[in-house]
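*Asks:* The listed protein sequences derive, respectively, from chains A and B. First residue of the first sequence? That's 1 in the UniProt record's numbering, and the numbers climb one at a time after it. First residue of the second sequence? That's 1 in the UniProt record's numbering, and the numbers climb one at a time after it.
Read the hints as simulated data drawn from the structure, not as lab findings. Check each hint, because a few of them may be wrong.
[As the list claims (entries may be wrong)] One side only, chain B facing chain A, incomplete, derived with CB under 8 Å:
hint	residue
1	E89
2	A91
3	K93
4	A166
5	L170
6	G171
7	S173
8	P184
[To be verified] Below 25 Å or equal to it, Euclidean Cα-Cα: the simulated DMTMM-like pairs (lysine to aspartate or glutamate) are:
hint	chain 1	residue 1	chain 2	residue 2
9	A	K183	B	E89
10	A	K79	B	E89
11	A	K156	A	D73
12	A	K103	B	E176
13	A	K212	B	E165
14	A	K183	B	E252
15	A	K83	B	E89
16	A	K133	B	E165
17	A	K103	B	D154
18	A	K103	A	E36
19	A	K79	B	E165
20	B	K93	A	D73
21	B	K93	A	E46
22	A	K83	A	E46
Being a predicted model, the structure only gives us computed values, none of them experimental. Don't be surprised by glycine CBs; every beta carbon is placed ideally from N, CA and C.
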Amino acid sequence: MKTYDSEDRYIKDLDDGKREIALSTDDIHVSYGTHEAIHGVSLAFERFKITALIGASGSGKSTYLRSLNRMNDNIAGTKVTGKIMYRGLDVNSNEVDVYEMRKHIGMVFQQPNPFAKSIYDNITFALQRHGEKRKDVLDETVETTLKQAGLWEQVKDDLHQSALALSGGQAQRLCIARAIAMKPDILLLDEPAAVLDPISTATLEETLMELKERYTIIIVTHNMQQAGRISDYTAFFHLGNALEYDETRKIFTRPKIQATEDYVSGHFG
Amino acid sequence: MTPRKWDKIATFVLYMISIFIIFVLAFLLLYILISGLPNVSWHFITSKSSSFQAGGGIGVQLFNSVYLLVLAMIISVPLSLGAGIWLSEYAPKNWITSLIRNAIEILSSLPSVVVGLFGFLVFSINMKFGFSILSGALALTVFNLPLLTRKVEDSLQAIHYTQREAGYALGLSRWETVIHVVVPAALPGIITGMILGMGRIFGEAAALIYTAGQSSPSLDFSNWNPLYIASPLNPMRSAETLAVHIWKINSEGIIPDATQVSAASSAVLVLFVLLLNFLARYVGNRLYARLTGVKERN
């Protein structure tokens, strides 16, 4: 494997007052036990845009993404330092109510993980737990989120059927509907198309393009074409560092860093 | 010898072993049923057992078995659920947890006669419960708890961690996720384990001989007040269960029809346990299908 100078970086500072920033991180370090997986990543994410995190396996992009809504808290021995600023609040501090924060920063995972419940209950269950009991509100949420996720037409007659009978692509879109039912500001997606077939992937991408009108989306993807097609900004991760962060079209046409160029052109490693 | 031939030989041998096992089990089952069922009648199932004359039944023993079963499950289900949930979802991965796990493993292989003597010393003598249904139910709890706990833990562990992550990502706490996501998904396995545990309890004799006792006082089936001394529900009375009854008439029975009574009792016992097993499969599959929409469980 070629070695690259990890000090050779280009990180576009989006927080320049010209645009609205939904979320930003300042010097995020993540370590599992004694092993440090992320070595200080500082990125700002623009509101209502799609930002793609790309990089080879083990580059730390998923780890970084999972630290944004503190999913790494659940893994014993994991330590995350640095600031994650959301609405003027450092959500990485101990005082923050993690459960409340996760309602604002939703997540969709690589493996579709619908609950062993009906389609309807998959979407309404967490809302009910958070205190929403009104039947009409729940009904409406199910319909609007399933429409936004592009699944309504296929399941509207089977809302009370088990969600486990859905295909992989449908299940993943149900997971998106479930996540947006919480009315989050930010949606984190960890390789959501990794286990989907090309047609389901295309549908999913269309869905994401529509969702960005309402949500700020940060997506980890292994698929470079996908990053090119749907994202506005792209961050390239390598060995636990973000080496380049810029507008997607610049990353894919005129990257400033050699490692990025090698990666997007397929001459990496 | 080619790999192909080896495969054929292995297939043949494995088939033979399986057929042998099935044959032995089927023989036992049929033997018990054929020799016992002709002696089973409604009168036999419902009437009192007799001490000296022929023609006694197993009504009281059957009632005792069911009552002990219910009491033992009332005690052991919540305990095993709590312990299993803690082990699967909350226990830190350290030496104390693995020590507890090992202890449960060892306890689950304890011979039931040892459990019975332990129950005799602790519950009957030390805690002064005497030969009573309560002592018996507690001994059965000791006997059954390790396996139930294990089953609960295994069922929960079989639920993929992504289910838990899904709960956390929606802002649910660990407790909410466990109770509303993980436990419902694991319910078919848990219920199956519980029902199989019931079968084990129902057929248990050795753990009860010294705890629930080998005889029942004369019962007044018209008074169901648990505090009344002759009430069938009185937990402080002694109670001979069906399995103990079989053991007793075979070891010291002096009724002339001991052989028939023993055979018929065995048939009833086996049928009941079989019924519980089928029930376990049925309930497990039904629950699984209802929760997942998938017809057959692998």
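*Asks:* When the nearest CB of chain A is found for K93 (chain B), is that gap smaller than 8 Å?
*Replies:* 7 Å, holds
*Asks:* Under the criterion that the straight-line Cα-Cα distance not exceed 25 Å, is the pair K183 (chain A), E89 (chain B) satisfied?
*Replies:* Since the Cα atoms of K183 (chain A) and E89 (chain B) sit roughly 29 Å apart, the hinted pair is violated (cutoff 25 Å).
*Asks:* Answer holds if the nearest beta-carbon of chain A is closer than 8 Å to that of L170 (chain B); otherwise answer violated.
*Replies:* 4 Å, holds
*Asks:* Less than 8 Å between beta-carbons is the criterion; does E89 (chain B) satisfy it with respect to chain A?
*Replies:* 11 Å, violated
*Asks:* Need the status of pair K103 (chain A), E176 (chain B): alpha-carbon distance at most 25 Å?
*Replies:* 15 Å, holds
*Asks:* Straight-line Cα separation of K103 (chain A) and E36 (chain A) no greater than 25 Å?
*Replies:* 28 Å, violated
*Asks:* Using the nearest Cβ pair, does G171 (chain B) come within less than 8 Å of chain A?
*Replies:* 4 Å, holds
*Asks:* Given the hint that K79 (chain A) pairs with E165 (chain B), does the C-alpha gap stay at or below 25 Å?
*Replies:* Judged against 25 Å, a Cα distance of about 18 Å means the pair holds.
*Asks:* Under the criterion that the straight-line Cα-Cα distance not exceed 25 Å, is the pair K156 (chain A), D73 (chain A) satisfied?
*Replies:* 36 Å, violated
*Asks:* Less than 8 Å between beta-carbons is the criterion; does A166 (chain B) satisfy it with respect to chain A?
*Replies:* Nearest chain A Cβ about 4 Å off; hint holds.
*Asks:* With the threshold set at 25 Å, check whether the alpha-carbon distance from K93 (chain B) to D73 (chain A) stays at or below it.
*Replies:* Distance ~16 Å between K93 (chain B) and D73 (chain A) Cα, so the pair holds.
*Asks:* Against the 25 Å threshold, does the CA-CA distance of K133 (chain A) and E165 (chain B) hold or violate the hint?
*Replies:* This hinted pair holds, its Cα atoms lying about 24 Å apart.
Checked against the numbered hints given earlier, the structure breaks hints 1, 2, 9, 11, 14, 15, 17, 18, 21 and satisfies all the rest.
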